[in-house]
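Novice: By our numbering, the letter at position 60 of the sequence shown is numbered 61, and the numbering carries on one by one without gaps.
Quick caveat, the hints were computed from the structure, so don't treat them as lab data. Just so you know, not all the hints are guaranteed correct.
The calculated label-pair distances, taken between Cβ atoms and stated as ranges, are [what the hints assert, rightly or not]: (1) G41 with I61: 13 to 23 Å; (2) G82 with D58: 13 to 23 Å; (3) R76 with R12: 24 to 34 Å; (4) D45 with T9: 32 to 42 Å; (5) P6 with P44: 32 to 42 Å; (6) H59 with G8: 12 to 22 Å; (7) D45 with R12: 14 to 24 Å; (8) I61 with T9: 23 to 33 Å; (9) H59 with E19: 29 to 39 Å.
Since we're looking at a predicted model, the values are computed, not measured. Yeah, the Cβ is synthetic: ideal placement off N, Cα and C, and Gly gets one too.
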Amino acid sequence: MTVSPAGTITRALDVLREAAAMKSQARTRGVALALWVLRGHCPDEWLVAFWDAAGSDHEIGRSQGMHAAYNGIVRQVRTRGGLSQAAAPLQLATVGPISS
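Construct the complete structure from the given sequences, taking the supplied hints into account.
Specialist: Following this line, the structure appears as structure tokens:
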């Protein structure tokens, strides 16, 4: 079975999306591999930002950092033509402030 480059990119983005949804640190081999796959499709700064956020000890900061980096990575991959608009995964939703 052969996987297309767009399929590989989509799977790598899926791994990052799943990692961003985790409540614990997400510096895993899967995340590292997904970031490696995305090299050449996204500036390294976004990939490093995701990796750094994934290892943060602060749960809220980790979540915010990973979500922001994920959204930036998706935008960069789309801009560079790595995915069509239809094939790209949805961006993560942000949660608004809690009202009293």
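Novice: Hint says 29 to 39 Å; check whether the CB-CB distance for H59 and E19 agrees.
Specialist: Since H59 and E19 have Cβ atoms about 20 Å apart, the given range 29 to 39 Å is violated.
Novice: Evaluate the given range 24 to 34 Å for the C-beta pair formed by R76 and R12.
Specialist: About 18 Å separates the Cβ atoms of R76 and R12, which means 24 to 34 Å is violated.
Novice: Do D45 and T9 keep their Cβ atoms within the hinted range of 32 to 42 Å?
Specialist: For T9 against D45, whose Cβ atoms are near 18 Å apart, the range 32 to 42 Å is violated.
Novice: Mind checking the hinted window 14 to 24 Å against the Cβ distance between D45 and R12?
Specialist: Given about 20 Å between the Cβ atoms, the range holds.
Novice: With respect to the beta-carbon atoms only, verify the hint that I61 and T9 lie 23 to 33 Å apart.
Specialist: Cβ of I61 to Cβ of T9: about 32 Å, so the range 23 to 33 Å holds.
Novice: Taking 12 to 22 Å as the hint, is the beta-carbon distance of H59 and G8 inside that range?
Specialist: 34 Å, violated
Novice: Given a hint of 13 to 23 Å, does the C-beta separation of G41 and I61 actually sit inside it?
Specialist: With a Cβ separation near 32 Å, G41 and I61 fall outside 13 to 23 Å, so the hint is violated.
Novice: Can you tell me whether the CB distance of G82 to D58 sits inside 13 to 23 Å?
Specialist: This hint is violated: roughly 37 Å between Cβ atoms.
Novice: Do the Cβ positions of P6 and P44 conform to the proposed distance bound of 32 to 42 Å?
Specialist: Violated: the Cβ-Cβ distance is about 18 Å, outside 32 to 42 Å.
Consistency note: the structure conflicts with the earlier hints numbered 1, 2, 3, 4, 5, 6 and 9.
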